[in-house]
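Enquirer: The chain contents come next:
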Amino acid sequence: MRTIFDHPQRDGGDGLFPELDVPAAGLDRLIDRALLRSDRPRIPNLSEPTVARHYTALSKLNYGVDDGLYPLGSCTMKHNPKVNEDLSRLPGLANVHPLADPGLVQGTLAFLYELSELLGRIAGLPAVCLQPAAGAHGELTGMFLFRRYFEERGEEDRRRILLPDSAHGTNPASAAVAGFDVTEIASNDAGMVDLDALDAELDETVAGIMLTVPNTLGIFEEGILEVAARVHAAGGLCYFDGANLNAFLGRARPGDMGADVFHYNLHKTLSTPHGGGGPGAGPVAVSEPLIDFLPVPRIDREGSTYSLDWNHPRSIGSVHSFYGNVLVGVRAYAYLLQLGDEGLRAVSEDAVLNANYLQERLKRTYPLPYDRLCKHEFVLSGKGLADGISTLDIAKRLIDYGFHPPTIYFPLIVREALMIEPTETEGKEGLDRFAEAMERIAFEAREHPELLHEAPHRAPVRRLDQTRAARDPVLTYPFDERAEGRGA
Amino acid sequence: MRYLPHSAADRRAMLASIGLSTVDGLFADIPQAVAESFRPLGLSPRSEQEIVAEVTRLSARNTAIGKVCFVGGGIYDHYIPSLVHHVLSRSEFYTAYTPYQPELSQGTLTAMFEFQTLVCELTGMDVANASLYDGGTALAEAALMAERVRSRGKIAVARSLFSNVRRVLDTYCWAGGIEIVELPYRPSGECDLSDLPADVSAVVLQSPNAFGVIEPLDGVKDRIGDALLIVSVHPISLGVLAPPGDFGADVVVGEGQPLGLPMSFGGPLLGLFATRGEYLRQMPGRVSGRTVDADGNVGYTMAAQTREQHIRRERATSNVCTNSALCALAATVYLATVGADGLRRVAELNAGKAHYLADRIAAIDGFERIFSGPFFNEFVVRVPGEADDLHRRLLDAGYLVDSPGSLRPYGLEDALRIAVTEKRTREDLDRFAEALGGSR
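Taken in sequence, the protein lines are chains G and S.
In terms of our numbering, the first sequence has 403 at position 403, counting the first letter as 1, and numbering is strictly consecutive.
Converting from the second sequence to our numbering requires adding 488 to each position, the first position being numbered 1.
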């Protein structure tokens, strides 16, 4: 793979910026020479066509949602309305300085306020903070809120967070960063929280529970009200991870299930393309007892005037440099307005229909450890398909059939897991083609295992050596090697 | 709904294949009490055309657009080369996700590898991650990392950090049980290290700092014992300023917005994070690494993943998952487009124009620069009379300027912070100085 450092260079620096139009002394007269750079950073000077072709070539090595089915479980890789991209780039929204006087940014403050209101109603909770920049950041914010809540109540011994063993990895990490200890709760045979295991842990050291709804097996916790009631009765709080909100949009509200904090992944559910790993947005909604602790500033409205409100002395402070990922919020706002209630309900209906349709068909070929109605995703196992075949082999072979593989080896409670989330924007034909590919791979696993072991055959690269990348990390361009190569 | 491909016949057939007659059957597992308490938003669907009109109308209410921007404070009105937008608009980049399947993500992974290299070149460090959310969380993550390394429960922080960044740091440190000792500033605006406690895990400086003053980093490392030196930077300044790595910094963080990102009312942003090789295993965030494929050809994959939450769970170095990948791509394309020479040039334009304006303002009766230390593209002046009045008059005259309150956390009254980028023409600067002078 050619990098930007491998192209022939030109003499650079011209054409982008005008000449200095004010009288000025040389830089070393303005700034003490000792503070100035003596070397030159090795940033190549390239022509515009060289750079344009380089990144166009790189883009062609990528697979995105516009290329086809992208069934990464728990990531909700749906098609996002193209118009939202245009709206997020409107100069009136994109070119606004965050420290501009609030009176001059009423348009942005208005939609942020309205978006918070809509999100609050989706969650069925009374207040929302838009600052968190990603789902995991929302989790962390929620854990900070838990900390402050118990600090204010003088219950600082509540330092344990309970987590089902099916939880996303970010949940335990977020709890730990916020200063909590993590206790794992086993799932029962149905893939849900084991109430006896929960009771055994509930005591005065428990701050609360983090639950993903529906959980990472794609299963709705049927006992969710009971779980929340028991945690609350024990003096704890409930955090619901909303990564999987796509499964119940327009049908149910976390606030009605007992949530004290709920985070949205706006980029998953409410239509921001994932950008190769961000930016996303992970706003949180909270229950009444936590409102005072929400980050500052908050957006207030008086009549038709919007302002930033800093005066919340019990707030945890800020979790973002400014107000969160505003331009991700634009897309979510536009999406909600465009879809309306009818559209939101249609989203979850087709998302769940698609998942169940695929689950029903694929369980004839692949083990389905939790065989029941699923929500927006389901988890198969690659184990036992054929001797010596791993889930990794299946995933890589899917690439040869033109599909992005599902999430693999997660959740941890399913061995050789394949976590499949087709999303609502996939048509029946696409689902059928994906199912056919999975069935052919199962056949190949028995008859031609080498096709799987050696996959992918039709990708820009063959299977990559991850062990080497971990053992002997090369994380920056090896300029010295190139120099030596030239000298040889 | 036009984003959904199924026909009614498809839906019926699919429902039948799973043995259901109605869509409601798909949601039978939601407890009845929950389903019954559901309340809709009360929104009717609207067309694409109507939504465009609605959001465009909202954007027109942002009257900050069209004012000449002299606000900085961590976010700057820099010029973005056209090519950046064109590359970012390729949907192969923007509709992909975290490169969990490297064979289908070589574009993203190669660009991440380039980004890491460019950040190291700018900062003078050994390794960089593929981005964090913003400059504030990047600094907070640096403090948490230093505490993992030194475990002293305390860090020393220059008072001259941007107050918004400091607020994020405070929140993370409170939760992490890390005490913050504040280091005052000298009349020059530089950080005063003379009363530095001996038992801190890290010393945190910002350069240029909240007053625009460039911190003299030479010799700092010797004065702070084995505490980690964390420096927060403005990346464009590093086109001309010596990188913190030259002075032994252990972690360099910063807000990457100046590198090709619009101001976006403060988000999305780009957290820069670079450190020394010895701390790689403690570094937060994703990294791309070079490896080979089964045929021995060079390729890229996520590396050093044993630090991360999806492997290490509660023992991970950070909870970060989704970060600012597309913003990092913007910064990568920006730097590739301007090159080392263009970066130097844009940095010189910033410094030259800022110094010109500072001189013009200092020549106006009643105005003076408050701090004597060297600066890059931002500086603070004392203004005669009420800063609030001046602020209002400048707004009315068509200038976007910092709110007077933004310097109160530093004990500064009647002060105005002014940022100048390459986008300000001489005419802008002269007129602005005249507006200041005329307002006495």
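Hints may be right or wrong, so weigh each one.
Which residues of chain G face chain S? A partial, calculated answer using Cβ under 10 Å [what the hints assert, rightly or not]:
| hint | residue |
| --- | --- |
| 1 | 48 |
| 2 | 154 |
| 3 | 155 |
| 4 | 265 |
| 5 | 360 |
FYI, nobody ran anything at the bench for these hints, they're computed from the structure.
Ideal placement from N, C-alpha and C gives every residue a C-beta, glycine not left out.
Enquirer: Would you pick out the hints that fail for this structure and give their numbers low to high?
Expert: Structure breaks hints 2, 3.
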